[in-house]
Each structure stands twice: as C-alpha cells, then as structure tokens.
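2 protein chains.
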Amino acid sequence: MSGERLIYLPLGGAGEIGMNAYVYGYGPEGAERYILVDLGVTFPDMDGSPGVDLILPDMAWLMDRADRLDGVFVTHAHEDHVGGVGILAAQLNAPIYARSFTAAIARRKLEERGHDPDMVQVCDAWPSTTDVGPFKVGFLPVSHSIPQASGMVIDTPAGRLVHTGDFKLDPTPGLGEPFDPELWASVAEGGVRALICDSTNVFSAQPGRSEAEVAPRLKDFISEASGMVVATTFASNLARVKALAEAGIAAGRSVCLLGRAMRRMVQTAEETSVMAGFPSTIGPEDATQVPRENLMLIVTGSQGERRAASAALSRGKYLGLEMQEGDTFLFSSKTIPGNEVGVARIWNAYSEMGVDVSDDQGGLYHVSGHANRPDLIAVHKLLNPQIVVPMHGEHRHLREHVKLAKAGGRTGIVAPNGAMVELSGNDPRVVEYVETGRVYLDGAALVGALDGVVRERIKMALNGHVAVVVIVDDEDEALDDAWVQVRGLPDTGSSGAPLQELVEDDIAALMGRADRKTVRSDEQLEGAVKRVARKTVMDEVGKKPEVTVLISRLVTE
Amino acid sequence: MSGERLIYLPLGGAGEIGMNAYVYGYGPEGAERYILVDLGVTFPDMDGSPGVDLILPDMAWLMDRADRLDGVFVTHAHEDHVGGVGILAAQLNAPIYARSFTAAIARRKLEERGHDPDMVQVCDAWPSTTDVGPFKVGFLPVSHSIPQASGMVIDTPAGRLVHTGDFKLDPTPGLGEPFDPELWASVAEGGVRALICDSTNVFSAQPGRSEAEVAPRLKDFISEASGMVVATTFASNLARVKALAEAGIAAGRSVCLLGRAMRRMVQTAEETSVMAGFPSTIGPEDATQVPRENLMLIVTGSQGERRAASAALSRGKYLGLEMQEGDTFLFSSKTIPGNEVGVARIWNAYSEMGVDVSDDQGGLYHVSGHANRPDLIAVHKLLNPQIVVPMHGEHRHLREHVKLAKAGGRTGIVAPNGAMVELSGNDPRVVEYVETGRVYLDGAALVGALDGVVRERIKMALNGHVAVVVIVDDEDEALDDAWVQVRGLPDTGSSGAPLQELVEDDIAALMGRADRKTVRSDEQLEGAVKRVARKTVMDEVGKKPEVTVLISRLVTE
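Here the protein sequences line up with chains A and B, keeping their order.
Numbering-wise, the first sequence is residues 105 to 661 according to this note's numbering.
Numbering-wise, the second sequence is residues 105 to 661 according to this note's numbering.
Just so you know, these hints were derived from the structure itself, not from any lab.
Treat the numbers as computed from the prediction; the structure is a model and nothing was measured.
Do not rely on the hints blindly, as some may be mistaken.
Any copy will do: because identical chains look the same in the list, a pair fits if it lies in one copy or spans two.
Here are the simulated EDC-like pairs of lysine to aspartate or glutamate, each with C-alpha atoms no more than 16 Å apart in a straight line [said to hold, decoys possible]:
| hint | residue 1 | residue 2 |
| --- | --- | --- |
| 1 | Lys507 | Asp585 |
| 2 | Lys648 | Asp157 |
| 3 | Lys648 | Asp595 |
| 4 | Lys507 | Asp460 |
| 5 | Lys507 | Glu456 |
| 6 | Lys507 | Glu429 |
| 7 | Lys639 | Glu579 |
| 8 | Lys634 | Glu608 |
| 9 | Lys621 | Glu539 |
| 10 | Lys639 | Asp609 |
| 11 | Lys421 | Glu136 |
| 12 | Lys639 | Glu389 |
| 13 | Lys634 | Asp390 |
| 14 | Lys507 | Asp174 |
| 15 | Lys421 | Glu456 |
| 16 | Lys621 | Glu317 |
| 17 | Lys634 | Glu526 |
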C-alpha cells in the first residue's frame with residue numbers, strides 16, 4: 105500500500121452554504137480513482153449574478169480526470185446536493201448512486217436535460233454497500249428535512265470515512281428514519297479514520313429540536329385560525345407538509361396543494377414509498393367551491409420567490425383562489441439570509457389585503473434540519489474519528505467547527521474548496537491547491553464566473569450604457585455625423601438638453617478634428633470616442649457609463 | 105374654526121423602514137399651511153435600484169405647495185430622517201428646525217450640496233417651542249441610538265399631536281437624555297389628540313433593553329480579547345462608541361477611530377456639547393507603533409459596506425494597519441435585513457486570516473434603539489391619545505400597531521404613504537390619496553423610480569445587451585453589412601460560432617431581403633432588426649437580450 109494515498113477534495117460547499125461537491129480519491133499519487141459525493145447548485149442573486157439561472161461548482165479538475173471517476177453518490181434530494189446532476193453528470197460520465205427517493209429526483213433532472221435517467225442506480229440503506237473502484241460505499245440513514253437523507257460510509261484501504269451529508273439528530277423526525285445512535289455507534293466500532301461533517305449550524309448554541317415538536321403547534325395554530333388558511337414551507341420538507349395537511353384536516357378543512365414543486369414532491373414520495381397516509385387533497389378548481397373557513401392551502405414560496413404560489417396569491421387571484429381580509433397566512437419556515445426582502449414583500453402585500461400573517465415565531469412553527477453545536481459534539485463523540493474535516497459551511501463555520509473538534513481533543517483541519525487533503529498520512533495535511541470556482545448556467549450556456557460575461561452585465565446595471573456608431577468612408581475619412589443611443593441614463597442632464605444629442609454633438613466634433621492616424625486605427629478611434637462619451641455623460645448626469653463603439657468602415661463595392 | 109381641518113400626510117416612511125417624511129397641515133381645505141417632519145433617505149440595492157446613490161421620497165406634492173410650507177423639523181440625525189435635507193431642502197425653500205447636534209449634521213449636508221447652512225435654525229428642547237404658521241412645535245427629548253433624538257409636540261388649533269420620531273424607553277441611555285416618563289406625562293396632561301408613533305419594532309414581544317446593559321459586557325469582552333481588538337458599530341451610536349472606547353482604555357489599550365463617519369460623529373458631538381469626556385484617541389499612524397495587544401480600533405462598516413473601514417481591513421492593510429491571526433473582531437451591532445451577505449463576506453474574510461469574530465450574540469453586545477411592543481403599549485397608556493397613527497414601518501408593522509392600539513381600546517388608523525388623514529373630525533379618516541413614490545439620486549441627476557431609467561439598467565443586467573448598426577444610403581437602400589457588439593452575453597453559443605458574427609450574418613440577411621417600406625421606416629426597421637437579433641441570441645445561448653438598434657441614414661453632402 106506504500107505510495108498509495110487517500111485524498112479529500114471539496115470542489116463546492118466548503119467555504120459556502122450551497123453547491124456541495126466533494127471528491128474522494130484513493131491510489132498512487134496522480135493515478136487515484138475517484139468518487140464524487142453530491143453535485144449541487146446554489147442560487148444566483150442580483151448582487152453578484154444577475155440574470156443567471158443557476159450556479160454550479162466548476163468541475164473542470166474532475167472532468168479532466170473523468171476517466172478515473174468511478175461514481176457519483178448523492179446524499180439527498182435538496183438542490184444544493186442534487187441540482188447539478190442534470191447539467192453536469194453527462195460530462196462526468198459516471199454512474200450515479202442514490203437511494204430511491206433521491207434517485208427519482210435525480211432521474212427527473214437527467215430526463216429534463218435530455219439525458220439517460222438510467223445513469224442513476226438505486227441503492228439500499230446501510231448495511232448494504234456498493235463496491236466502486238477501491239471504495240466500498242454505504243448510505244447511512246440520517247435525519248434531515250427531506251426523506252431518505254443519508255450520510256456516506258466510505259470504506260477505503262486507508263480506513264473508514266464517514267461523510268455526514270446534511271443531518272440533524274432527530275429521534276422523532278415525523279417522517280422517515282429517526283436518528284439511530286446505536287446504528288451510528290456500530291458504524292464506528294472498527295474505528296473511523298475521518299469524519300467529514302456538516303458545519304452549517306455550528307454557531308447555534310442550543311441542541312437542535314425535533315420535527316415532532318412542530319406538529320402539535322401547527323394543529324393548535326390552524327384550529328384557531330380564521331378565514332382561509334394558507335401555509336407555506338419548503339416543498340421538500342415532506343414531514344412538515346404532511347403535518348400541515350393533517351393539521352388542516354383535523355381542523356375540518358379541505359386541503360389543496362399549490363405549486364408544482366409541492367405536488368411533485370408529495371407524488372415522488374408516495375411513488376417511492378417513503379411517505380404513506382398523506383391526507384387526500386383537492387385540486388384548486390374544487391377548492392374554489394369550498395367555504396373559506398373550511399379550506400387550507402399548502403403552497404410553495406416560503407422564501408418569497410416571485411414565481412411561487414405564495415407570491416402569486418399576494419398579487420391577487422391565482423388559479424381562481426384569492427386571499428381576503430380575515431384570512432390567515434403562516435410561514436412554517438425560516439427565511440434564508442438574503443431572502444428577507446422578498447419575504448417582507450409578500451408579507452406586506454398580505455397585510456394590505458387584511459390577511460393575518462404569522463412567521464415561525466422564533467421556532468414555534470419551524471425547526472432546522474441541521475445539527476447544532478451540541479449535536480456536532482455528540483456526533484464527534486459517538487463516531488470518535490481520528491480526524492474531523494468540517495464541510496458544508498462558509499469559512500467561518502469550517503473554522504469554528506475545527507475549533508470545536510480541537511476542544512474535544514481531536515485533530516481537525518480547515519479545508520476550503522480546492523484544498524486537497526491527504527487523509528492517509530500521520531496527520532491530515534493540504535497536499536495541493538486545485539483551481540476551483542463557480543460556473544453559471546446562463547440561459548442555455550455555461551459560463552465561468554470569471555469570464556466577465558456577468559461582470560459586464562453588472563457594470564451596465566450600475567453605470568448605464570451608451571451605444572455609438574461612427575462611420576468611416578473608403579478613404580479613411582470619418583463622417584462628421586455620429587449616432588448615439590443611451591440606455592439606463594436620464595434623458596436630460598444638468599444643461600437641460602437631451603443627453604443623446606449632446607453626446608452626438610461632442611462625438612461629431614471629435615470626428616471632425618480627429619487625425620487620419622486615429623481614424624485608421626479601430627483601437628485609437630474607439631478609445632477616443634469612449635473618452636468623449638464618458639466625459640459628456642459625466643458632466644451632464646454625474647455617471648460614467650459603459651460605452652459600446654461600433655465603427656462602420658464603408659467599402660465601395 | 106369651521107371649515108378648517110388638521111391633516112396628516114406621510115410622503116415617506118409609512119409603508120417602509122427608511123426615508124421618513126411626514127406632512128402636517130392646518131387650515132381651510134386646499135389652503136392649509138404645512139410643516140414637514142423629517143426629510144430622510146433610504147439606501148439602494150442591486151435588486152431594485154442598481155447604480156443609484158440614494159433613494160428619496162417623491163416630494164412633488166409638497167413642492168407644488170411649497171409656498172404654504174412653513175418649516176421642516178428634523179427629529180434626529182439618522183440618514184433616514186435627515187439625509188434628504190441637502191438634496192431637497194433648497195427646492196422646498198423653508199426654514200429647517202433642529203436641535204444643535206442634528207442641526208450641525210443638517211448644516212453640513214446643505215454645505216456639501218452648495219446650499220446656505222443658515223437655512224437651519226437651532227431649537228432648544230421642550231418646553232421651548234417655535235411658532236410656525238398655525239403650529240406651535242416643540243422638541244421633546246426621547247431616547248434612541250443617537251444623541252438628541254426628539255419627538256415633536258405639535259400644538260394645533262385642533263389639539264395637540266405627539267409625533268414620536270424614532271424612540272425607545274431607556275432610563276439609562278449611556279449618553280444624552282434618559283426617557284423621562286414624568287415629562288411625557290406632563291405633555292399629555294391637557295390631552296393628546298393623536299399620537300403618531302414609531303412602529304419598527306412592533307413585532308418584538310419583549311420589552312426593550314437599555315443601552316446601559318451593554319457597556320459592562322463590552323468591558324468584559326475586550327478585557328479578555330486577544331491580539332488587536334477591532335470593534336464596529338453604527339458611527340452615530342455615540343453612546344456605544346464611547347462605551348467601546350472606554351472599555352478599550354480600561355483594558356489598557358490605545359484607541360484609534362477609523363472611518364470618516366466615525367471621526368465626524370465624535371467631533372460633531374463634542375463640538376455641540378452633547379458628548380463630553382470621550383477618551384483620548386490616537387491616529388492610525390501612531391496606532392501602527394502600538395503593540396497589537398495594547399491596541400483597539402473602533403471602525404465603521406457594521407453592515408459590511410464595501411467601502412467602510414471594516415471591509416477595508418478584511419481585504420488587507422488599511423492605513424498601515426493589518427489584522428492577523430489571533431486578533432479579535434466584534435460586531436457591536438445588528439445586521440439590518442438585506443445586509444446579511446455583506447456582513448458574512450467580511451466575517452469570512454477575517455476567518456481566513458485567523459481572526460476570531462464575535463457578533464452581538466443575540467443581544468449581548470447590542471441593543472435596539474426602537475420601542476418594542478410592550479414599550480409601545482406603555483407609551484399609548486402614558487400619553488393616552490384619542491387616536492394612534494402608526495408611522496415608520498412597513499405595512500405589516502403599521503397594521504399590527506393599529507391592532508395593538510385597538511386592543512388597548514383606542515382608535516387607530518393605518519395610513520401608508522400618500523394617505524391623507526384628517527385628524528380634526530370625529531373619527532380619523534383618509535380624505536384623499538396623494539400620489540407618492542420614490543426619487544433616485546443617480547449620479548448628479550434626480551430620476552423618478554418609475555421613469556424607467558433604472559428599469560432599463562436592470563433589464564441589461566438580466567438579459568445582456570446587443571448593439572446593432574444598420575446603414576441606409578441616400579436612396580433608401582439598406583447596406584448588406586451590419587455591425588454588432590454584444591455585452592454581457594457569452595462569446596459563443598450552442599453552434600460554437602462567435603455570437604457576434606452570427607447576429608451580424610442574420611441581420612445582413614434581413615437587410616438583404618427587407619422591402620423598401622420597412623427600410624424607410626425607422627420604427628419598422630428597428631422592430632425587424634430587434635426580432636432577428638433576439639431570435640439568434642435566444643437560439644444560441646437561450647437568453648433574450650436587450651437590443652439597441654442604431655440606424656444611420658447617409659445623406660449625400
């Protein structure tokens with residue numbers, strides 16, 4: 105075994121919350137065989153990625169070595185773990201392994217992008233394992249906020265790894281497998297070389313709370329609610345969706361699911377038998393016939409997403425249904441940082457309608473799906489690994505999690521995206537830094553975050569845009585006229601004259617005085633025109649716009 | 105007095121948190137005399153207002169009636185109350201009244217914009233009053249998170265109004281006037297017609313906490329902190345800045361203030377005698393000579409602002425000072441919703457440096473400056489107004505505050521921006537809806553939020569931009585060539601060919617087949633070119649770009 109090594113390389117998720125993608129490798133240096141755990145996405149925002157559809161980890165490093173990739177394992181069906189499968193899996197060209205519910209979601213993603221869904225193979229839970237290259241891999245059930253979430257038990261010639269995926273310690277998760285400390289302890293019996301561990305909630309000082317706490321509170325809330333009740337939560341949190349539906353039925357209400365994601369998740373969970381006994385629901389058309397005090401809607405859009413059902417209802421009638429004064433709206437969810445403004449927007453729209461809105465009230469109607477600080481300590485103790493490698497978290501979470509491991513007398517290492525860690529030596533150490541980054545799905549194209557495409561859009565958003573045409577005749581004489589159009593700048597500035605005309609005049613003057621050498625050079629002419637356009641706009645409206653110069657050189661035919 | 109009426113009209117701040125601007129009027133309908141309370145701004149974001157410098161309330165309604173505006177009263181020196189003074193006061197052309205500290209800030213704003221600072225008149229606190237038109241107005245000291253915050257006591261022929269401004273009930277505010285229930289009770293003795301009341305914290309169920317709670321905790325924190333200590337808070341929270349400085353001195357550290365706003369606020373507070381005994385500080389150059397364990401920096405940028413000192417230090421050396429592993433950073437502040445990502449960005453940058461970062465830890469190192477729900481109830485009782493009109497809050501806050509008033513047996517009314525409420529009748533009622541909105545300070549220009557200028561920029565950010573030139577000769581023949589430049593779109597799409605050339609080819613083809621009628625009409629030609637450009641880009645990269653078409657019609661000279 106000398107000369108062989110075990111490595112861990114996060115390509116996404118370590119240094120951020122979202123787009124998880126972790127490589128494990130074993131073999132001689134430079135000839136390791138690889139597996140990938142998770143292939144997630146993260147979501148764009150106007151600040152950094154306007155117009156972008158999805159953000160994915162840059163998998164170039166792994167694609168260059170795709171011939172040595174033996175499999176992709178997906179821990180669970182949240183978008184930040186499975187969302188990249190449809191977009192990138194074909195390029196990675198390796199079988200995808202998941203448990204049945206996750207597999208069903210992954211398959212649909214492949215189909216939607218025109219790929220073969222049979223790339224996905226369904227695995228049973230631990231103690232069942234799959235041999236993949238030098239690895240023997242099992243899906244260890246964990247509790248989280250979606251069915252069939254799993255940690256990965258990865259046996260390697262250099263020892264056992266446990267990769268938690270996203271998890272919490274919930275003895276009563278409402279749906280699916282409760283956290284089973286005996287099972288986890290049995291996994292640790294032969295010793296755990298390294299625990300690669302979810303870090304998102306490391307700053308949460310209280311022990312995590314069980315999903316089971318929420319159901320009775322929802323029952324109370326809905327039984328006392330007036331008018332039509334509309335509740336939103338994450339569509340994939342099926343334990344919660346079911347608890348909401350049951351609370352509605354218990355309060356004598358018909359239940360209607362609104363939003364494609366919500367209906368799909370329920371359907372997929374039923375088809376894969378991870379959920380049974382979901383109360384019968386009615387469609388929106390039937391719902392319009394039910395007296396509002398006997399109706400409950402469970403809707404998508406807990407984060408204020410503009411296209412989701414909650415936002416549609418906040419704007420007026422949606423599928424024949426409409427909120428009214430005296431109705432009740434419940435956020436059975438937590439607002440993810442960055443979404444506060446969108447959530448407040450729909451809350452205020454409901455307020456204007458006279459709808460009474462309640463949020464989770466500091467945890468009354470929602471619990472987190474991640475392990476808090478005391479839970480992390482408990483898992484460290486339970487698995488007793490030689491090494492703790494924090495994953496899934498911003499840098500601050502990873503660093504704090506290492507501190508926690510060290511406080512418990514363990515070895516820990518901060519390994520952000522691109523840090524290749526050797527886990528097989530005496531001490532874990534970073535042996536290489538691999539170039540990583542983000543790729544944008546932008547319409548139908550994949551563009552690198554650093555390619556400048558989106559940066560150009562941001563600049564236009566900040567500074568406005570001026571398009572200028574100058575025409576040069578076949579004797580290299582510039583025409584005195586210039587044509588200008590401005591976008592995203594005021595029509596008039598401090599002088600009161602139309603901005604467009606002012607820029608046209610100043611460029612025409614430039615063209616009149618420009619020497620032959622400048623006119624002959626596209627580069628020089630463009631530079632001169634840009635300077636004039638920027639100066640005129642700056643003087644008039646105090647902004648330095650982006651300028652596009654189109655030089656038309658006429659050729660006598 | 106028959107035929108005369110007392111009206112309240114919020115132009116900003118009622119339906120949002122920020123840009124406060126409230127009109128009070130008294131007189132015959134249509135001939136009322138007005139005062140304005142506060143003239144604030146709110147801050148832009150990439151989502152809705154990219155590239156904008158500041159957002160102001162649209163004051164057009166009041167400007168049309170500026171001859172009847174007798175004065176502008178500024179409750180305190182936070183930007184959302186005073187920030188519009190330099191930009192709009194000249195157009196309103198009325199004297200500005202404020203207490204000394206607020207007046208000093210307002211004067212500087214006028215000077216910075218080239219206006220006469222003597223528009224600002226300094227007023228003493230209640231029981232001193234100023235006669236302005238039909239109003240007698242006094243500044244009632246309140247506690248808040250800035251010195252000399254005041255509510256307005258507005259005596260009118262139709263009774264007394266109390267406009268709280270932003271406030272909390274703090275018996276030990278650290279700096280400035282403690283909340284004085286006896287003074288407030290005395291104001292209420294003759295009866296209060298209406299209480300116009302801060303609503304921002306109406307959803308906070310616990311009583312507000314005193315600024316005095318924070319100082320000893322800061323002392324403990326800083327005495328135990330390792331390395332250089334850097335603390336940030338809102339520059340205008342001078343009680344906090346002073347407590348931080350005193351905690352630093354007590355821990356044997358030299359204190360250095362970083363950030364222009366921080367130094368200015370301290371200087372203004374000293375010049376206007378609202379603060380005395382601030383510990384002596386050192387400049388950044390001297391600070392570089394102090395051993396780091398004996399040094400404390402108090403810096404701007406508690407909200408993660410990219411240009412503030414905290415962000416500069418997170419990027420590396422700033423004014424010769426640099427954070428290192430083992431140093432300590434403290435957010436003695438709360439993150440305002442919408443700023444989470446920026447705050448996390450600098451926190452993570454510090455984490456990468458090995459700096460230990462602490463936030464307010466759920467209130468340990470920060471308290472709010474606003475009255476919570478129980479405090480609002482207390483003020484309702486103390487002032488016992490006939491009417492409660494909630495102000496400063498989003499719609500949901502205003503509505504909840506009215507519910508609170510009604511639960512206490514009082515009359516309340518939700519009056520969002522533009523709702524003119526008559527306060528002199530038997531019951532308060534909305535008598536008119538006035539058009540209101542937002543104005544953007546965009547570079548040097550003021551543009552209406554609905555003018556489309558910023559919307560055009562947002563569209564370019566989302567969709568990218570294509571500029572096209574087509575040239576038509578003096579016989580209305582289109583040249584077959586087209587010149588195209590793309591911005592914010594990938595260089596190549598699904599075909600692998602350069603996007604620019606594909607669009608040029610498709611437009612050239614269009615020009616070749618376009619009939620004379622289309623070519624002669626700018627509108628038709630532009631429409632046809634746009635459709636072709638959009639279709640080509642959509643087919644290639646899956647996005648529908650903004651297209652600027654420049655038509656050059658050559659004229660024989």
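Quick rundown of the hints versus the structure:
no.: 1; hint: Lys507 to Asp585; in the structure: neither (67 Å within a copy, 65 Å between copies)
no.: 2; hint: Lys648 to Asp157; in the structure: between (29 Å within a copy, 13 Å between copies)
no.: 3; hint: Lys648 to Asp595; in the structure: within (15 Å within a copy, 25 Å between copies)
no.: 4; hint: Lys507 to Asp460; in the structure: between (44 Å within a copy, 11 Å between copies)
no.: 5; hint: Lys507 to Glu456; in the structure: between (48 Å within a copy, 14 Å between copies)
no.: 6; hint: Lys507 to Glu429; in the structure: between (51 Å within a copy, 14 Å between copies)
no.: 7; hint: Lys639 to Glu579; in the structure: neither (29 Å within a copy, 36 Å between copies)
no.: 8; hint: Lys634 to Glu608; in the structure: within (12 Å within a copy, 22 Å between copies)
no.: 9; hint: Lys621 to Glu539; in the structure: neither (43 Å within a copy, 56 Å between copies)
no.: 10; hint: Lys639 to Asp609; in the structure: within (13 Å within a copy, 33 Å between copies)
no.: 11; hint: Lys421 to Glu136; in the structure: neither (57 Å within a copy, 41 Å between copies)
no.: 12; hint: Lys639 to Glu389; in the structure: neither (60 Å within a copy, 37 Å between copies)
no.: 13; hint: Lys634 to Asp390; in the structure: neither (61 Å within a copy, 44 Å between copies)
no.: 14; hint: Lys507 to Asp174; in the structure: neither (34 Å within a copy, 62 Å between copies)
no.: 15; hint: Lys421 to Glu456; in the structure: within (15 Å within a copy, 49 Å between copies)
no.: 16; hint: Lys621 to Glu317; in the structure: neither (78 Å within a copy, 72 Å between copies)
no.: 17; hint: Lys634 to Glu526; in the structure: neither (52 Å within a copy, 55 Å between copies)
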